[in-house]
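Novice: Just need the whole structure built from these sequences, with the hints factored in.
Protein chains in written order, with my numbering: chain F, 1 to 262; chain G, 1 to 262.
Source of the hints: derived by calculation from the structure; they are not laboratory data.
Honestly, I wouldn't trust all of these hints.
Keeping only pairs whose Cα atoms sit at most 16 Å apart, straight-line, the calculated EDC-like set for lysine to aspartate or glutamate is [as the list claims (entries may be wrong)]:
1) F:Lys122 / G:Asp218
2) F:Lys152 / F:Glu27
3) G:Lys191 / G:Glu201
4) G:Lys152 / G:Glu26
5) F:Lys152 / F:Glu127
6) F:Lys122 / F:Asp48
7) G:Lys145 / G:Glu67
8) G:Lys122 / F:Asp218
9) F:Lys145 / F:Glu67
10) F:Lys123 / G:Asp218
11) G:Lys123 / F:Asp218
12) F:Lys191 / F:Glu201
If you want a taste of the chain F side facing chain G, the calculated C-beta under 10 Å gives, among others [unchecked claim]:
13) Val126
14) Met164
15) Ala175
16) Met182
17) Leu190
18) Pro202
19) Ala211
20) Arg245
21) Arg256
Glycine included, C-beta positions come from ideal geometry on N, C-alpha and C.
2 protein chains.
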Amino acid sequence: MSEVARSGCVVFGSGNVACALAPALEEAGLHVRQVYSRSIANSRSLADVLAGAQAVDSLDSVCRDAELYVVALSDNAIEPVATAMTGTGGLWCHTSGGVGAEVLEPAATGYGVLYPLQTFSKKREVEMAQVPLFVEGCTPCVEEKIKELAEKISGHVYHADSAMRLRLHAAAVFACNFVNFMWTNADDILKAGGCGLSVLEPLIRETLSKALSMSPRDAQTGPARRGDTVVMQRHRQVMTAEQSRIYEFLTHSIIREYRADR
Amino acid sequence: MSEVARSGCVVFGSGNVACALAPALEEAGLHVRQVYSRSIANSRSLADVLAGAQAVDSLDSVCRDAELYVVALSDNAIEPVATAMTGTGGLWCHTSGGVGAEVLEPAATGYGVLYPLQTFSKKREVEMAQVPLFVEGCTPCVEEKIKELAEKISGHVYHADSAMRLRLHAAAVFACNFVNFMWTNADDILKAGGCGLSVLEPLIRETLSKALSMSPRDAQTGPARRGDTVVMQRHRQVMTAEQSRIYEFLTHSIIREYRADR
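Specialist: Following this line, the structure appears as C-alpha cells:
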C-alpha cells in the first residue's frame with residue numbers, strides 16, 4: 001500500500017494514557033479512526049468521546065492503512081500487538097517509559113516512542129500542552145516526524161533514548177510514587193489526631209518550591225539532617241510500628257547522605 | 001511591675017523562624033523592642049530590619065517589662081532561657097513543634113505556644129498570612145490572647161495541644177523532609193543522565209493535586225502498587241547501590257500496605 005493512501009490514526013488502549021492522549025491527538029488535527037481494546041466496552045467508552053472513531057476489540061479488525069498507530073498499552077502488552085500487526089507499516093509509537101522502541105519493529109519500518117511524563121487518571125483532566133513529551137525515533141527522519149506530532153500536542157517536547165527514558169521513569173518513582181506514599185503516612189499520623197494532610201499543604205508547597213529553586217540536596221532540613229535525636233525519639237510516640245520502621249530507615253539514609261557535613 | 005506598664009515585644013532568636021516572625025509581629029502592630037541572640041552579629045542583622053529594635057546578646061540586658069516574649073530558639077535552648085528569665089512576667093510563647101508549653105513556666109504565669117507550620121529560610125520570603133499557626137495557652141484566657149495575636153499574623157489559626165503538635169511535627173517530617181530526600185534521589189538519577197528534577201515538575205504538581213483532592217492512599221500508582229516486578233528490575237539498572245536500597249525498602253513497604261487489595 002502506498003504511503004499516500006494512508007490516513008488517520010489508530011489508538012491501542014483505553015486506559016489512563018490512551019484516554020488522555022486520544023482527545024489530544026484529535027485536537028492536534030488527527031482523525032482517530034479506531035480505538036482498540038481487548039474489552040469492547042472499554043474501547044467504546046473512549047471511542048464515544050472522539051469524533052467518528054470506531055471501537056474494536058480484535059486485532060484482525062484494526063485497519064492496516066492508518067498513517068499513525070499509537071500503542072498506549074501496559075508494558076507487557078506492547079510486543080504481542082506489534083507482532084500480531086507484523087508488516088502493517090505507517091508510523092508506530094508506544095507511550096511507555098520502561099520499554100525500548102525496537103519492540104515495535106515487526107509492525108513497521110518507522111517506529112519510535114512518545115512518552116508523556118505525567119500521571120493520568122480518568123477522573124482528572126490534565127492540560128496536555130503542559131505535559132513533557134519525550135520522543136525517540138528509529139531513524140533521525142522518523143524521530144523528526146514524531147517530534148512534529150508531539151509539538152502539536154505539547155509545548156514541552158524533548159529527545160530521550162531508552163536509557164534516558166528509564167532514568168525518567170525510575171526518577172518519577174522516587175519523586176512521585178514514593179513521595180505519595182510519604183504523604184499517605186503523614187495523612188495517617190494526622191488523621192489519628194483528628195485532622196489530615198491538607199493542613200500541611202502550605203508547608204508541602206513551600207518545600208517543593210525550595211527544592212526546585214535551590215536544589216533538594218541544599219534544601220534538606222529536619223531532625224535527621226540536624227541529627228536531632230531528642231526530637232526523633234519524641235516522634236516515635238505518635239507513630240505505628242510500620243511508620244517507625246520507615247522513619248528509622250529514611251533517617252539513617254539521610255544521616256549517611258549528609259555525614260560528611262557534620 | 002503592673003501589667004499596665006508593660007509594652008512591646010522581645011524576640012529570642014535570629015534564625016529562620018525568628019527572621020520570618022519578627023517582621024510579621026511588627027506588621028501586626030507590635031513594637032519589637034529587642035532581639036536577643038547569643039551572637040550580637042546575628043541579633044543585629046535581624047534588629048536592623050525592624051523599626052527601632054535593639055540587638056542584645058546577654059540575657060541580663062533583656063528588658064523585664066515587655067508585653068510579649070517570643071522564644072524562637074532551637075528546641076534545647078528554650079528551657080535555659082525561660083529559667084534564666086524566671087519571674088519576668090508578661091505573655092510568653094515559644095514556636096517549637098516538639099516542645100511542651102510548660103518549659104516556659106518559670107518565666108511567667110501566662111505562657112503558651114505559637115507554632116508556625118512552615119519551612120523558613122532566610123533566602124526565601126514566605127507569605128505569613130498563609131502559614132498555619134497552631135496555638136496553645138496554659139489557660140483558656142491565655143490561649144485566647146495568643147490566638148488574637150496569631151490572627152493578626154495569619155488567616156489560618158488553629159488550636160493544637162502538645163500531643164497534636166507532635167503529630168503535626170512528625171507528619172511534616174514524612175510529608176516534607178522525607179519527600180525532599182526522595183526528590184534528591186530523583187534529581188541524582190536524572191543528573192546522571194544530563195537533566196534534573198525540574199523536568200518532573202508537572203508530574204510532581206499533579207501528584208500533589210491528586211493526593212490532596214482524592215487522598216494519597218487512593219492516589220497511589222506506580223510499579224510497587226501494581227506489583228510490576230519486570231519494570232522494578234529494569235529501574236535498578238540506573239540506580240546506585242544506596243538508591244536501590246531505598247527503592248527496595250519502600251517498594252516492600254508499599255506492597256505490604258496494599259497487600260489486601262491484590
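Novice: Which of the numbered hints above does this structure break?
Specialist: Nothing - there is no hint that the structure violates, so all of them hold.
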